[in-house]
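Q: Here's the letter readout for the chains.
Number of protein chains: 2
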Amino acid sequence: MSGEDAPAQQQNAEEQKQQETKTPAESPKTESKPDPPPTSASTEAAATAAAAADTPAPAAEKAPEEDTFTYRALVLTGYGGYDKVKLQVKKGKPALKSGEVMVRVKMCGLNFADLMARQGLYDRLPSPPVTPGMESSGVIEAVGEEVTDRKVGDKVLVLNRSGMWQEVVVVASTHTFLMPEGMSFEEAAALPVNYITAYMMLFDFGHLRPNQSVLVHMAAGGVGIAATQLCKTVNDVTVFGTASASKHEVISQGGVTHPIDYRTRDYVEEVRKISPKGLDIVLDPLGGSDTHKGYNLLKPMGKLISYGAANMLAGQKKNLFAVAKTWYQQFSVHTLSLIQGNRSVCGFHLGYLDSETELIDQAMTAVMDLYRQGKVKPRIDSTYHLEQVGDAMRRMQERNNIGKIILTTEPMKEEEKKEEAKKDEEKKDDKKKDDKKKDDKKKEDKKKDEAKKEEKKDEKKKEEAKKDDKKAEEKKEEVKKEEN
Amino acid sequence: MSGEDAPAQQQNAEEQKQQETKTPAESPKTESKPDPPPTSASTEAAATAAAAADTPAPAAEKAPEEDTFTYRALVLTGYGGYDKVKLQVKKGKPALKSGEVMVRVKMCGLNFADLMARQGLYDRLPSPPVTPGMESSGVIEAVGEEVTDRKVGDKVLVLNRSGMWQEVVVVASTHTFLMPEGMSFEEAAALPVNYITAYMMLFDFGHLRPNQSVLVHMAAGGVGIAATQLCKTVNDVTVFGTASASKHEVISQGGVTHPIDYRTRDYVEEVRKISPKGLDIVLDPLGGSDTHKGYNLLKPMGKLISYGAANMLAGQKKNLFAVAKTWYQQFSVHTLSLIQGNRSVCGFHLGYLDSETELIDQAMTAVMDLYRQGKVKPRIDSTYHLEQVGDAMRRMQERNNIGKIILTTEPMKEEEKKEEAKKDEEKKDDKKKDDKKKDDKKKEDKKKDEAKKEEKKDEKKKEEAKKDDKKAEEKKEEVKKEEN
Numbered sequence: 367m368s369g370e371d372a373p374a375q376q377q378n379a380e381e382q383k384q385q386e387t388k389t390p391a392e393s394p395k396t397e398s399k400p401d402p403p404p405t406s407a408s409t410e411a412a413a414t415a416a417a418a419a420d421t422p423a424p425a426a427e428k429a430p431e432e433d434t435f436t437y438r439a440l441v442l443t444g445y446g447g448y449d450k451v452k453l454q455v456k457k458g459k460p461a462l463k464s465g466e467v468m469v470r471v472k473m474c475g476l477n478f479a480d481l482m483a484r485q486g487l488y489d490r491l492p493s494p495p496v497t498p499g500m501e502s503s504g505v506i507e508a509v510g511e512e513v514t515d516r517k518v519g520d521k522v523l524v525l526n527r528s529g530m531w532q533e534v535v536v537v538a539s540t541h542t543f544l545m546p547e548g549m550s551f552e553e554a555a556a557l558p559v560n561y562i563t564a565y566m567m568l569f570d571f572g573h574l575r576p577n578q579s580v581l582v583h584m585a586a587g588g589v590g591i592a593a594t595q596l597c598k599t600v601n602d603v604t605v606f607g608t609a610s611a612s613k614h615e616v617i618s619q620g621g622v623t624h625p626i627d628y629r630t631r632d633y634v635e636e637v638r639k640i641s642p643k644g645l646d647i648v649l650d651p652l653g654g655s656d657t658h659k660g661y662n663l664l665k666p667m668g669k670l671i672s673y674g675a676a677n678m679l680a681g682q683k684k685n686l687f688a689v690a691k692t693w694y695q696q697f698s699v700h701t702l703s704l705i706q707g708n709r710s711v712c713g714f715h716l717g718y719l720d721s722e723t724e725l726i727d728q729a730m731t732a733v734m735d736l737y738r739q740g741k742v743k744p745r746i747d748s749t750y751h752l753e754q755v756g757d758a759m760r761r762m763q764e765r766n767n768i769g770k771i772i773l774t775t776e777p778m779k780e781e782e783k784k785e786e787a788k789k790d791e792e793k794k795d796d797k798k799k800d801d802k803k804k805d806d807k808k809k810e811d812k813k814k815d816e817a818k819k820e821e822k823k824d825e826k827k828k829e830e831a832k833k834d835d836k837k838a839e840e841k842k843e844e845v846k847k848e849e850n
Numbered sequence: 367m368s369g370e371d372a373p374a375q376q377q378n379a380e381e382q383k384q385q386e387t388k389t390p391a392e393s394p395k396t397e398s399k400p401d402p403p404p405t406s407a408s409t410e411a412a413a414t415a416a417a418a419a420d421t422p423a424p425a426a427e428k429a430p431e432e433d434t435f436t437y438r439a440l441v442l443t444g445y446g447g448y449d450k451v452k453l454q455v456k457k458g459k460p461a462l463k464s465g466e467v468m469v470r471v472k473m474c475g476l477n478f479a480d481l482m483a484r485q486g487l488y489d490r491l492p493s494p495p496v497t498p499g500m501e502s503s504g505v506i507e508a509v510g511e512e513v514t515d516r517k518v519g520d521k522v523l524v525l526n527r528s529g530m531w532q533e534v535v536v537v538a539s540t541h542t543f544l545m546p547e548g549m550s551f552e553e554a555a556a557l558p559v560n561y562i563t564a565y566m567m568l569f570d571f572g573h574l575r576p577n578q579s580v581l582v583h584m585a586a587g588g589v590g591i592a593a594t595q596l597c598k599t600v601n602d603v604t605v606f607g608t609a610s611a612s613k614h615e616v617i618s619q620g621g622v623t624h625p626i627d628y629r630t631r632d633y634v635e636e637v638r639k640i641s642p643k644g645l646d647i648v649l650d651p652l653g654g655s656d657t658h659k660g661y662n663l664l665k666p667m668g669k670l671i672s673y674g675a676a677n678m679l680a681g682q683k684k685n686l687f688a689v690a691k692t693w694y695q696q697f698s699v700h701t702l703s704l705i706q707g708n709r710s711v712c713g714f715h716l717g718y719l720d721s722e723t724e725l726i727d728q729a730m731t732a733v734m735d736l737y738r739q740g741k742v743k744p745r746i747d748s749t750y751h752l753e754q755v756g757d758a759m760r761r762m763q764e765r766n767n768i769g770k771i772i773l774t775t776e777p778m779k780e781e782e783k784k785e786e787a788k789k790d791e792e793k794k795d796d797k798k799k800d801d802k803k804k805d806d807k808k809k810e811d812k813k814k815d816e817a818k819k820e821e822k823k824d825e826k827k828k829e830e831a832k833k834d835d836k837k838a839e840e841k842k843e844e845v846k847k848e849e850n
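Going down the list, the sequences are from chains A and B.
For what it's worth, our numbering labels the leading residue of the first sequence as 367, then goes sequentially.
For what it's worth, our numbering labels the leading residue of the second sequence as 367, then goes sequentially.
Bear in mind the hints are in silico, worked out from the structure with no lab data behind them.
Just so you know, not all the hints are guaranteed correct.
It does not matter which identical chain is used: a pair holds within one copy or between any two.
[Claimed, not checked] Below 20 angstroms or equal to it, Euclidean Cα-Cα: the simulated SDA-like pairs (lysine to any residue) are:
| id | residue 1 | residue 2 |
| --- | --- | --- |
| 1 | 741 | 642 |
| 2 | 472 | 548 |
| 3 | 643 | 724 |
| 4 | 659 | 688 |
| 5 | 665 | 577 |
| 6 | 472 | 642 |
| 7 | 683 | 447 |
| 8 | 665 | 569 |
Bear in mind the structure is a predicted one, so any value in this text is a computation, not a measurement.
Using the sequences plus the hints, can you model the full thing?
A: As structure tokens, then:
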């Protein structure tokens with residue numbers, strides 16, 4: 367914690383400078399074709415974006431395109447709460463190396479890893495300042511040398527280690543995948559991380575087959591919905607899905623055979639009631655004690671697939687207690703236990719697979735085929751503007767979503783902005799009220815504490831007095847004994 | 367160790383009585399068909415079998431068939447060396463419960479678990495006295511009630527938790543599998559444990575696919591050869607196989623792409639030279655430090671499958687040091703490590719799957735299909751008579767086999783027996799010589815030890831003298847300080 371929340375404004379300005387020097391214009395342009403001018407939308411946004419205040423004003427004299435080219439980007443400015451992700455304006459056209467493409471982003475996907483990253487709990491995101499985001503969709507705007515399988519105008523979905531939450535991204539063309547006919551940009555941004563994760567877990571590690579049973583935690587989340595749909599592509603698979611009761615109708619319609627309200631029920635008991643022998647596959651995004659429970663629910667030849675530690679997330683900022691507890695309870699297993707149980711324990715995280723182009727390609731091809739056959743279809747929970755990224759993250763972290771949360775690069779309309787501003791004001795007011803309440807409560811608590819302390823002191827004094835009495839007596843006894 | 371090797375002869379007689387009372391004739395006969403009389407072979411053997419000396423002579427008066435029915439059985443009489451498995455004669459026709467069949471056994475398979483069991487290292491074998499053995503082949507001699515899919519005369523292979531090393535076995539019919547056309551009894555006894563183990567590991571836990579790479583330890587052993595053949599049923603799979611150099615030609619012909627002599631080379635280095643990124647699947651029957659090495663050789667999405675602790679076996683009897691070392695070095699893994707590496711660790715042992723009829727059936731069906739297609743074929747290393755079980759176990763434990771070691775229930779011919787007896791005599795002589803040598807060496811060692819001890823004592827005395835001097839000086843210093 368400590369200095370992380372310190373003077374964010376000054377920090378930003380400096381960080382942004384660093385950011386800019388990080389991407390020097392090595393090879394200014396690989397395309398001779400003129401680039402479209404920055405959309406009015408993005409310049410408009412530039413003027414109003416929160417962080418834009420720190421950005422030096424564009425040079426008045428006519429500058430080369432590399433300098434006039436600007437685009438909006440979300441930037442994680444330091445680890446902490448929702449407000450650590452700021453909307454900034456980046457200047458200068460990014461250079462394209464051989465094999466790379468530039469994509470004008472339409473939509474971006476939100477993932478649990480992004481929430482972890484903001485708290486400093488995800489080591490695959492470079493240090494701040496950095497643009498988060500592992501997936502997006504958009505249109506190819508320029509292609510670098512030696513790129514033969516993509517052309518300007520191609521609609522693509524993009525999967526990358528980070529940097530997807532901005533209007534313009536430059537990535538290796540191997541990180542882009544052509545969007546199938548009829549797929550919306552929202553769907554395209556919702557698909558890569560969740561569906562590849564669910565696919566590789568269920569079919570590579572899990573080797574899911576007909577008549578098997580699967581436990582899907584957070585069944586209304588992005589991976590949860592993807593996993594449920596993929597389970598349904600195999601005959602007679604029973605899906606146990608945990609989610610709060612209000613989401614049960616939707617996840618049942620989506621294919622969950624037995625929805626379990628983990629808030630009011632013990633999911634282990636619920637599973638055992640229906641499937642006394644246990645489960646073939648447990649997908650575990652929670653970590654900590656839930657991994658132990660999942661392991662103990664496995665049938666012979668069962669597979670536990672751990673793919674996160676969502677239990678570490680408690681509150682906006684890094685909660686050291688939750689982290690320590692989850693870490694302390696983290697599951698570790700001995701091969702002899704695995705042998706005697708005929709069990710498998712697997713770990714999966716797409717973020718650590720970013721260089722495995724072939725594996726990703728295989729999974730993506732399979733998922734796209736299923737999409738074309740109508741067997742899988744991302745469910746969009748909600749779409750937020752870049753300016754609203756804080757609200758988007760809050761919705762995900764508080765687990766209010768059913769399906770994927772999307773960010774759109776489409777600029778907010780003026781009236782929307784005004785509404786946002788109002789809401790912000792209200793929030794501030796609420797916060798003030800809250801703070802006042804908190805202050806009042808603190809004062810009260812303090813008074814109570816002090817009263818209690820006084821009481822305790824009194825008690826302590828009494829006890830000590832008692833002890834002294836006792837000691838005195840003991841001494842007397844000793845003296846007696848010695849005398850005897 | 368301790369009392370385990372104690373008076374084996376007396377123990378046997380008592381144990382055998384217990385054994386007999388364990389199988390009461392609940393339902394004497396479920397078949398009205400007369401049973402074949404005990405073969406002359408088995409009565410002949412009964413007269414000469416080592417352990418038969420303790421068996422009470424058959425009653426002279428005419429007894430019911432249940433009593434005249436005898437058959438030879440190998441019995442583990444206590445934990446320890448090769449001689450703990452004795453050939454005995456069992457009396458009385460075993461009763462058949464509903465759903466069971468009686469099989470006249472032709473051949474039995476030897477497995478690593480049998481070696482572990484003899485040393486008391488395998489908890490799936492009931493306590494001695496007990497007949498070991500997990501697999502055999504033979505002909506159905508009687509069927510119990512409600513058995514509809516087997517009939518007298520069917521040639522079958524049998525897979526069971528224990529009790530397969532005897533001439534007659536009674537098992538649930540679900541533990542028998544019809545032998546395909548053209549399969550020999552040797553092959554049938556060699557197939558169940560090794561091929562089901564290799565199949566389930568490679569295709570269920572391993573999810574083996576084209577172009578992948580697999581490390582097979584003990585590639586000339588039963589599971590090793592089965593695994594190699596199964597790898598070859600998938601396109602372009604690279605097999606790394608460890609075995610001593612003398613076996614390389616055979617295993618190469620069998621499909622091992624890169625044989626590695628683990629006695630003279632570091633297999634980790636050898637694998638890395640050829641496959642710098644590592645391996646997709648590691649089959650690990652060794653345990654201990656080799657599991658760590660295997661884990662570190664995994665590629666992303668790689669699977670380590672641990673299926674034994676052969677490193678615990680060192681010498682004939684339980685070697686506490688080897689057991690402790692293997693146990694101490696036994697691999698344990700944390701889910702966070704699995705997540706960051708995108709890895710899977712699995713444990714497999716068929717002995718713990720004996721109630722999973724459906725899983726076993728699926729694997730067996732698949733293996734039988736491959737056999738019929740000529741894609742797999744057990745390789746028989748050697749066949750021993752029941753009387754030679756000690757030699758058979760020794761051959762396996764000393765890793766001199768290439769392929770499966772089989773026990774046949776066919777009785778030994780008279781001349782073979784004489785030869786065996788001669789060999790035994792020679793062995794005893796050798797043992798005496800060895801013992802004398804050992805004694806001499808012990809005496810010498812004792813002398814050396816004593817001399818060393820004397821030296822040490824002298825040194826210790828000198829050191830203590832030095833220490834005393836030092837203390838004296840320190841005291842002087844202290845006194846000085848105090849004086850100052």
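Q: Are the CA atoms of residue 472 and residue 548 at most 20 angstroms apart within a copy, between copies, both, or neither?
A: Result: close within a single copy only, 16 angstroms intra versus 65 angstroms inter.
Q: Reference check for the pair residue 643 and residue 724, CA-CA at most 20 angstroms: within, between, both, or neither?
A: between (37 angstroms within a copy, 14 angstroms between copies)
Q: Please work out whether the CA atoms of residue 665 and residue 569 approach to 20 angstroms or closer within one copy, between two copies, in both situations, or in neither?
A: both (17 angstroms within a copy, 17 angstroms between copies)
Q: Could you figure out if residue 683 and residue 447 sit no more than 20 angstroms apart (CA to CA) within one copy, between two copies, both or neither?
A: For residue 683 and residue 447, the Cα distance is within 20 angstroms only inside one copy (5 angstroms; across copies 63 angstroms).
Q: Given a CA cutoff of 20 angstroms, do residue 741 and residue 642 count as a within-copy pair, a between-copy pair, both, or neither?
A: This pair counts as neither: shortest intra-copy Cα distance 30 angstroms, inter-copy 38 angstroms.
Q: Checking residue 472 and residue 642: alpha-carbon separation at most 20 angstroms within a copy, between copies, both or neither?
A: neither (47 angstroms within a copy, 40 angstroms between copies)
Q: If the cut is 20 angstroms between Cα atoms, do residue 665 and residue 577 qualify within a copy, between copies, both or neither?
A: This pair counts as within: shortest intra-copy Cα distance 13 angstroms, inter-copy 30 angstroms.
Q: What label fits residue 659 with residue 688 when the C-alpha limit is 20 angstroms: within, between, both, or neither?
A: within (18 angstroms within a copy, 33 angstroms between copies)
Violated hints for the displayed structure, listed by number in ascending order: 1 and 6.
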